[in-house]
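Using the sequences and the hints, build the whole thing.
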Amino acid sequence: MHGFHGRLLAIDLDSGQSSYRDLEESRLRGFLGGIGLGTSLLYDYAPPGVEPFSPANPLIFASAPLVGTGVTTTAKFAVITKSPLTGFIADSLSSSHFALELKRVGVDGLVITGKAASMVYVFIHDEKVEIRAAEHLRGRSPREAEALLRSELNAPTARVAAIGKAGENRVRFATISNEGRHAGRGGVGAVMGAKNLKAIALCGDQEISVAHPKEVEAIAESLRRHSLGSLTDKYRSIGTVANLAVFNRLGTLPTRNFQQATFDDAEALSGESLTENSFSRRHGCASCTIQCERLFKSLAGEEQRLEYETLFALGPLCGINDPEVVLQAAHLCDLYGLDTISTGGTLAWAMECNERGLLPEAQKLGLRFGHADSLFRILRMIAEREGLGALLAEGSRRAALETGSDSSYWAMHVKGLELPGYEPRSLKTMALGLAVSPRGACHNRSGAYEADFSGEVDRLRADRGRGALVAASEDFAAVLDSLVICKFLRKCFTDFYGEAAELLSKVTGWNCSKEELKRTGARIHTLKKLFNIREGWQPQDDWLPEKVLSETLPTGVARGVGLTTEELREMIQSYYQARQWDENGLIPEPKLRELGIPTAPRGGKQCQVMKPAGC
Amino acid sequence: MDEPNLQGNQPIADATAVVLAGGKSSRMGKPKALLLFDNEPLIAHIVGALKHGFGEVVVVAAPGQELPSLPVKLVRDEVPYQGPVGGIYYGLKAAGSEFSFVTSCDVAFLSPPLILHLISRISNYDVVVPYWQERFQPLHAVYRRSVLPLLRVQLERGELRPVYLFDKVRTCTIGEDAIRRFDPEGLSFFNMNTPTDYEEAVKRWQALNGWNAAGNDSVQCTVELFGVARLLAQTKEVVLSLPEGATLARVYSALAEKLPVLANRVIAPDGRSLLSGYACNVNGLEFVRVPTAKVNSGDKIFIISADAGG
Numbered sequence: 001m002h003g004f005h006g007r008l009l010a011i012d013l014d015s016g017q018s019s020y021r022d023l024e025e026s027r028l029r030g031f032l033g034g035i036g037l038g039t040s041l042l043y044d045y046a047p048p049g050v051e052p053f054s055p056a057n058p059l060i061f062a063s064a065p066l067v068g069t070g071v072t073t074t075a076k077f078a079v080i081t082k083s084p085l086t087g088f089i090a091d092s093l094s095s096s097h098f099a100l101e102l103k104r105v106g107v108d109g110l111v112i113t114g115k116a117a118s119m120v121y122v123f124i125h126d127e128k129v130e131i132r133a134a135e136h137l138r139g140r141s142p143r144e145a146e147a148l149l150r151s152e153l154n155a156p157t158a159r160v161a162a163i164g165k166a167g168e169n170r171v172r173f174a175t176i177s178n179e180g181r182h183a184g185r186g187g188v189g190a191v192m193g194a195k196n197l198k199a200i201a202l203c204g205d206q207e208i209s210v211a212h213p214k215e216v217e218a219i220a221e222s223l224r225r226h227s228l229g230s231l232t233d234k235y236r237s238i239g240t241v242a243n244l245a246v247f248n249r250l251g252t253l254p255t256r257n258f259q260q261a262t263f264d265d266a267e268a269l270s271g272e273s274l275t276e277n278s279f280s281r282r283h284g285c286a287s288c289t290i291q292c293e294r295l296f297k298s299l300a301g302e303e304q305r306l307e308y309e310t311l312f313a314l315g316p317l318c319g320i321n322d323p324e325v326v327l328q329a330a331h332l333c334d335l336y337g338l339d340t341i342s343t344g345g346t347l348a349w350a351m352e353c354n355e356r357g358l359l360p361e362a363q364k365l366g367l368r369f370g371h372a373d374s375l376f377r378i379l380r381m382i383a384e385r386e387g388l389g390a391l392l393a394e395g396s397r398r399a400a401l402e403t404g405s406d407s408s409y410w411a412m413h414v415k416g417l418e419l420p421g422y423e424p425r426s427l428k429t430m431a432l433g434l435a436v437s438p439r440g441a442c443h444n445r446s447g448a449y450e451a452d453f454s455g456e457v458d459r460l461r462a463d464r465g466r467g468a469l470v471a472a473s474e475d476f477a478a479v480l481d482s483l484v485i486c487k488f489l490r491k492c493f494t495d496f497y498g499e500a501a502e503l504l505s506k507v508t509g510w511n512c513s514k515e516e517l518k519r520t521g522a523r524i525h526t527l528k529k530l531f532n533i534r535e536g537w538q539p540q541d542d543w544l545p546e547k548v549l550s551e552t553l554p555t556g557v558a559r560g561v562g563l564t565t566e567e568l569r570e571m572i573q574s575y576y577q578a579r580q581w582d583e584n585g586l587i588p589e590p591k592l593r594e595l596g597i598p599t600a601p602r603g604g605k606q607c608q609v610m611k612p613a614g615c
Numbered sequence: 001m002d003e004p005n006l007q008g009n010q011p012i013a014d015a016t017a018v019v020l021a022g023g024k025s026s027r028m029g030k031p032k033a034l035l036l037f038d039n040e041p042l043i044a045h046i047v048g049a050l051k052h053g054f055g056e057v058v059v060v061a062a063p064g065q066e067l068p069s070l071p072v073k074l075v076r077d078e079v080p081y082q083g084p085v086g087g088i089y090y091g092l093k094a095a096g097s098e099f100s101f102v103t104s105c106d107v108a109f110l111s112p113p114l115i116l117h118l119i120s121r122i123s124n125y126d127v128v129v130p131y132w133q134e135r136f137q138p139l140h141a142v143y144r145r146s147v148l149p150l151l152r153v154q155l156e157r158g159e160l161r162p163v164y165l166f167d168k169v170r171t172c173t174i175g176e177d178a179i180r181r182f183d184p185e186g187l188s189f190f191n192m193n194t195p196t197d198y199e200e201a202v203k204r205w206q207a208l209n210g211w212n213a214a215g216n217d218s219v220q221c222t223v224e225l226f227g228v229a230r231l232l233a234q235t236k237e238v239v240l241s242l243p244e245g246a247t248l249a250r251v252y253s254a255l256a257e258k259l260p261v262l263a264n265r266v267i268a269p270d271g272r273s274l275l276s277g278y279a280c281n282v283n284g285l286e287f288v289r290v291p292t293a294k295v296n297s298g299d300k301i302f303i304i305s306a307d308a309g310g
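These protein sequence lines are chains A and B, in that order. Sequential numbering from 1 applies to the first sequence in my numbering. Sequential numbering from 1 applies to the second sequence in my numbering.
Hints listed in this document are in silico derivations from the structure and should not be mistaken for laboratory results. There may be inaccurate statements among the hints.
Partial selection, computed: residues in chain B whose CB lies under 7 angstroms from chain A [unchecked claim]: (1) Arg230; (2) Gly277; (3) Arg289; (4) Asp307.
Under the rule of at most 20 angstroms between Cα atoms (straight-line distance), these lysine to aspartate or glutamate pairs were calculated in the EDC-like manner [stated by the list, open to error]: (5) B:Lys236 <-> A:Asp264; (6) B:Lys236 <-> A:Glu267; (7) B:Lys294 <-> A:Glu456; (8) A:Lys514 <-> B:Glu176; (9) B:Lys30 <-> B:Asp197; (10) A:Lys364 <-> A:Glu402; (11) B:Lys300 <-> A:Glu267; (12) B:Lys236 <-> A:Asp265; (13) B:Lys258 <-> B:Glu224.
Ideal placement from N, C-alpha and C gives every residue a C-beta, glycine not left out.
Set out below in structure tokens:
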């Protein structure tokens, strides 16, 4: 088999046993790798209705066919589990050397179940799987754990993914971190913590087989060259922090818990200002020519990685206007292993509740918009689940339900996942994308905002044409996330499906057509939805926060713009129609058969093992 | 695929531009290459546009054809009037590069972003040819030098249509959707065959550049720069005074004149459009992709990255 190893490694932390299991070629062709393969494995390995922190909830690491082929931006891996934040699928990506090493240990995926009696780490090397004590790593940051493990194992080239305090303490939006990057959204780190698994260390030396090496190298060379063009200039020259000033000017920068979509002090936090005043160096993932990462230097001289979502969530969303504070808060989130979007979203909810007298504990701490003093303290309290931190560690949805007093109105989430830095009222296609995404309010599993920013649609008006745009964007993202190719390379293709199918064919030896790849994207996305349905999804889960649907934007170029429940309902119906789902968002059996998915769950019934047919 | 990055004023080192000038101009009634366009002979106008992006420009003329002095490598058809295949053949033969962008001397609206895009696709192909309005556009295409023997055979057989070549080699067809990303109206393929075409082209050129007989700069607009453009220009905004009826193309050329650092990095080498990595939003409300859009006094024009998100 080319492009894959054709097997996974199952590790049971209850028994300490592990075994290699074959992966059928039909599954790999039907779901590729990364998010697709992970979704397929989750569907099969997670018992229906499993509690996310239960030992039975599988924590899955999935590699992908393009990993290790030398194609730029493809050093990525996926982490998939049932989310403790949403109760639905959590599918996160992270990147760089750990991704390459996962492929080099000779598997396409790890499926980890069970719970160790005490804190452990897993060391995979030379076809061996060792489960070793990790109590001495408890409380350590992911970076510290990584350094200590390399030293302890006398393996300087080992690659490590680890959790911080937040994961250990089951903060529902904890990350898994490797080399300073994070599988960030949905609380995958909390599931790892619930298994008493501190880290995974990998040392591999297995070759990655490619069917047509010369052709793959030619395509890789072409992509490398084109990845240095005008369309990636933003990422190469400034990084994603460039979004902040533009979003502010376009009235799409969520500020003070979505009270408005412009921030008076945006200039101080803009990517342009940060680049001029605090730039330290440019960095990037392994096997990437774009190198979008930017490290900025704080006044204390410490380097901190920063990208747009972190900047928005810990800055304008919390009313913070001091880049030093944002840099320090981002540093703490990295240290504890906290998803910065959910952290900022949950803090902003607490700040708003405090302003409205709904959260006395927040008042005691002085947790208010724009006030930095309490910010650093509350981050530690969340990671350690101390005092108010224990409430906030549950995420905004659960914290609001516990707090009561209508505080749910100010909890800005979809399905429990806090909203990213895209104002839905002034980005109507994105509004729909956020509402229907299987993982909750997500800007990565679809790029619905792209239609809004392209001029192809009127971003300030809702219409029934958006359903097809969102569905196409989701399928496109599903293919990118499963091959895996970084989204920042997406515009460097003219005919993405055709070119990607050719690349996949040259890597695997399959004769994959663009039509097959399109169908694969739809299949992967549909299976995510099917998983959610099995786990209790209801039509009301595809919705936006009430606040977004009740208030118009008060400032900026989009002043006076809102989004009504009728508009959202119409767009959702157009989305279901585009997907050929029924009016309740359920998937008719003929549609499942068309995509090669054998059976559908109804009334909570378990689905059969997934084996896509007719690829 | 994305186009190669044109940093500063550096030309594309590994590509040649070939301009075919040796046609009969029978329907025009006079030599097309010498038609006055933008105050210069049309051939000089086209060569001038191509010189921005190519290190080498080859002009293929008919034996004895009169041409103005041009900064190009001039070659003559060995056998006159063999149609486009003959011109392409002699042009590629004279070119010093592995591949060449081939065009004719009667297209005034070349789009550098589109040309760069075509070149960016040649890696795995022998020909990259646009397909616009159900027709191949062989005289706005990129050819690899290796097709020379096949062209020679075609000439020997009298197969004077370039499309015969496309079935024999690895041909990449660029469809309308892709073309529109760079050239929304397909002006790149507007060629002048008749005096009416010529008049239409002159009118379009003037409209595109916002020319106005009155000449008073009565439109005041503000260009707000974001991201790379702001960092390069070291300024957040620029106020421009433009003539009545000015278009976005005029805004871009005025901006490039005022801030030369933006030329070829943000603004395309033709000075009338943005490179594909950049986009324009007017007043925070509308993303405008067509450079012929009119600008109104008081407009705020944002120059931003074309790639939002991340």
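### Message
Just to be careful, I want the Cα atoms of lysine 514 of chain A and glutamate 176 of chain B compared with a cutoff of 20 angstroms; is the pair within it?
### Response
18 angstroms, holds
### Task
Grab the minimum C-beta distance from aspartate 307 of chain B to chain A and call the hint holds if it beats 7 angstroms, violated otherwise.
6 angstroms, holds
#### Entry: Satisfaction of hint between glutamate 456 of chain A and lysine 294 of chain B, Cα-Cα up to 20 angstroms
19 angstroms, holds
### Message
Does glutamate 224 of chain B sit within 20 angstroms of lysine 258 of chain B, going by the straight-line distance between their CA atoms?
### Response
Judged against 20 angstroms, a Cα distance of about 14 angstroms means the pair holds.
### Task
Under 7 angstroms, Cβ to Cβ, is where glycine 277 of chain B needs to be relative to chain A, so tell me if that hint holds or is violated.
3 angstroms, holds
### Message
Between the alpha carbons of lysine 364 of chain A and glutamate 402 of chain A, is the straight-line distance 20 angstroms or under?
### Response
Cα-Cα ~18 angstroms, so holds.
### Query
Between lysine 236 of chain B and glutamate 267 of chain A, is the straight-line Cα distance small enough, at 20 angstroms or below?
Distance ~11 angstroms between lysine 236 of chain B and glutamate 267 of chain A Cα, so the pair holds.
### Task
Compare the distance between the alpha carbons of lysine 300 of chain B and glutamate 267 of chain A with 20 angstroms, and conclude whether the hinted pair is satisfied.
Since the Cα atoms of lysine 300 of chain B and glutamate 267 of chain A sit roughly 18 angstroms apart, the hinted pair holds (cutoff 20 angstroms).
### Hint consistency between lysine 30 of chain B and aspartate 197 of chain B [alpha-carbon to alpha-carbon, up to 20 angstroms]
13 angstroms, holds
### Query
Between lysine 236 of chain B and aspartate 264 of chain A, does the CA-CA distance stay at or below 20 angstroms?
The hint holds at about 16 angstroms.
### Message
Given the hinted pair lysine 236 of chain B and aspartate 265 of chain A, is their Cα-Cα distance within 20 angstroms?
### Response
15 angstroms, holds
#### Entry: Hint validity - arginine 230 of chain B Cβ closer than 7 angstroms to any chain A Cβ
Status holds, d = 5 angstroms.
The structure fails none of the hints (numbered hints given earlier).
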